[in-house]
Amino acid sequence: MSNDRPLVLPGETIDLSLIPSHPKNPLRLGPGLRHIPPSDIVPTAAGELITNPVKNSMWVEYNSNRYIPSQNDIILAQILRSTSDFYLCSLAPHTPPATLPHLAFEGATKKTRPVLLPGQLVYARVSLANAHMDPELECVHASTGKADGLGPITGTGCIFDVSLGFARRLLMARPAQDGGLAVLEMLGGEEGGGMAFETAVGRNGRVWVGSASARTVVVVGRALQETDRGRLGVEGQRRLVKKLVREMS
Amino acid sequence: MTTTTPPTLAIPGQLLGPASRYQPGPGTHLHESNLHASLVGQVHITQPARALGPAKRLTKITPAPAPAELPTLSVTPATQLASAPSREKKKREVLPEVGNVVLCRVIRITPRQAVVAILVCGDTVLEAEWQGLIRVQDVRATEKDRVKIYESFRPGDVVRAEVISLGDQTNYYLSTTRNELGVISAVSEAGNTMVPVSWKELMDPKSGLMELRKVAQPQ
Chain A
1 MSNDRPLVLP
11 GETIDLSLIP
21 SHPKNPLRLG
31 PGLRHIPPSD
41 IVPTAAGELI
51 TNPVKNSMWV
61 EYNSNRYIPS
71 QNDIILAQIL
81 RSTSDFYLCS
91 LAPHTPPATL
101 PHLAFEGATK
111 KTRPVLLPGQ
121 LVYARVSLAN
131 AHMDPELECV
141 HASTGKADGL
151 GPITGTGCIF
161 DVSLGFARRL
171 LMARPAQDGG
181 LAVLEMLGGE
191 EGGGMAFETA
201 VGRNGRVWVG
211 SASARTVVVV
221 GRALQETDRG
231 RLGVEGQRRL
241 VKKLVREMS
Chain B
1 MTTTTPPTLA
11 IPGQLLGPAS
21 RYQPGPGTHL
31 HESNLHASLV
41 GQVHITQPAR
51 ALGPAKRLTK
61 ITPAPAPAEL
71 PTLSVTPATQ
81 LASAPSREKK
91 KREVLPEVGN
101 VVLCRVIRIT
111 PRQAVVAILV
121 CGDTVLEAEW
131 QGLIRVQDVR
141 ATEKDRVKIY
151 ESFRPGDVVR
161 AEVISLGDQT
171 NYYLSTTRNE
181 LGVISAVSEA
191 GNTMVPVSWK
201 ELMDPKSGLM
211 ELRKVAQPQ
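Read top to bottom, the protein sequences are chains A and B. Take 1 as the starting number for the first sequence in the UniProt record's numbering and just add one per residue. Take 1 as the starting number for the second sequence in the UniProt record's numbering and just add one per residue.
Extracted from the complex, chain A is given alone in its bound form:
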């Protein structure tokens, strides 16, 4: 493991040489780190300590399967039921449902609003999340009023559960270069035989795969899940894609 990403465990002290410094910007702590005044920085999760000297920030990169809602996350939720003013949606099993107001969609008024049925999937943003209240969602940008891709999911497809770290890597700007995930490109490219599908990735560890053909949905979903569970690198992903295409044809 390279030295610039040391493994840290919860509660241990961080070597002072690892903490970046900047002449102007204050140090910003990301997830997995806690500041105990006056000058202690303590990890709260086990993972790799990553620092960004340009922005003067540091955080711990760790993987888990339990999603804890935090503000401005884009997630995939499933409608459980509808009350008079909002929909109750499930972000994760065995957790309190999140509320999605009826009017929190683009161009929604009391007379024209999308009617969603229980079981339907929604791509939404977490507008309020804290330890004391149930989370709240929205499908529209609060200030601009535009949806920006949020809203109910249309088309035939299926949801697959992945770990949170895998979902974060999929949501990176360049998953192949930064996250080491080329499996989706391969499936749509030559190794996969040019399959046509679309995906929606939620930070709560859910990926929706949609396609006209059920075989494509199953192949893509299996590829994602086995990449996640097997922790495959790029070469492993290539072999996996070829194997799946051979099996399913």
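A few of these clues could be false.
[What the hints assert, rightly or not] Listing some non-contacts, in silico: residues in chain A with all C-beta distances to chain B over 12 Å: (1) 22; (2) 80; (3) 86; (4) 101; (5) 136; (6) 141; (7) 149; (8) 218; (9) 226.
[To be verified] Pairs of lysine to any residue, SDA-like flavour, derived with a Cα cap of 25 Å: (10) A/111 - B/206; (11) B/148 - A/70; (12) A/55 - B/207; (13) B/206 - A/22; (14) A/55 - A/40; (15) B/148 - A/85; (16) B/144 - A/145; (17) B/148 - B/115; (18) B/148 - A/56; (19) A/24 - B/205; (20) B/148 - B/179; (21) B/200 - A/128; (22) B/148 - A/40; (23) B/206 - A/145; (24) B/206 - B/178; (25) B/206 - A/86; (26) B/148 - A/36; (27) B/206 - A/36; (28) B/206 - A/56; (29) B/144 - A/144; (30) B/148 - A/127; (31) A/111 - B/207; (32) B/206 - A/11; (33) A/110 - B/207; (34) B/148 - A/16.
Rather than coming from a laboratory, the hints here were simulated on the basis of the structure. This structure is a prediction, so every number in the text was calculated from the model and none was measured. From the three backbone atoms N, C-alpha and C, an ideal C-beta is built for every residue, glycine too.
Following the hints, put chain B in place on chain A, whose structure we already have.
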């Protein structure tokens, strides 16, 4: 039916007289147009003020005041019921009334209200904790529709509020709309007691971080 005089001692539920002959006072209630006692104690009859004749003035004759009202029945709690002389005066429980300023602790918050436990009424510490609700439209006086409960109260805060309604069986209804009402004491996420900075911010003195609350004006 022969008219009977009301009893001198009453227990809760005891019939005192018809509403056509008496007016209800403290300690009594109306049920099917009859007056019944609500407390254990002595029954008092207060005669109404005597109707005066028309007042004669030099230039003007004013009409008489309203016709004679009915006498008022009230039940005052008995302070010493036992015959033993060494028995101490039993403490009466003070109940919050409409308009009282109370101190309460926030138990739970939801997007539409904050559930609180009323601890102190005026200057008296209550023996039992009464539950109260601060609805989102009663948190402050301006911009009532844009109030966010999470930026006004958090569980564990001590709040000074005013009782606006006796409410239903489980809850009093409270309000913090005045400037001197709101969060008095709160603990930050790091665990330190915070100090007020403005009407909507409290500051943790050790870390310097601000937290949003509806803060009471210090007196």
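Checked hints:
no.	hint	verdict
1	22	19 Å, holds
2	80	17 Å, holds
3	86	10 Å, violated
4	101	10 Å, violated
5	136	7 Å, violated
6	141	18 Å, holds
7	149	26 Å, holds
8	218	40 Å, holds
9	226	40 Å, holds
10	A/111 - B/206	51 Å, violated
11	B/148 - A/70	17 Å, holds
12	A/55 - B/207	22 Å, holds
13	B/206 - A/22	23 Å, holds
14	A/55 - A/40	20 Å, holds
15	B/148 - A/85	17 Å, holds
16	B/144 - A/145	22 Å, holds
17	B/148 - B/115	15 Å, holds
18	B/148 - A/56	33 Å, violated
19	A/24 - B/205	24 Å, holds
20	B/148 - B/179	18 Å, holds
21	B/200 - A/128	19 Å, holds
22	B/148 - A/40	33 Å, violated
23	B/206 - A/145	40 Å, violated
24	B/206 - B/178	30 Å, violated
25	B/206 - A/86	40 Å, violated
26	B/148 - A/36	29 Å, violated
27	B/206 - A/36	10 Å, holds
28	B/206 - A/56	23 Å, holds
29	B/144 - A/144	23 Å, holds
30	B/148 - A/127	12 Å, holds
31	A/111 - B/207	49 Å, violated
32	B/206 - A/11	21 Å, holds
33	A/110 - B/207	45 Å, violated
34	B/148 - A/16	40 Å, violated
This entry does not satisfy hints 3, 4, 5, 10, 18, 22, 23, 24, 25, 26, 31, 33, 34, going by the numbered hints stated previously.
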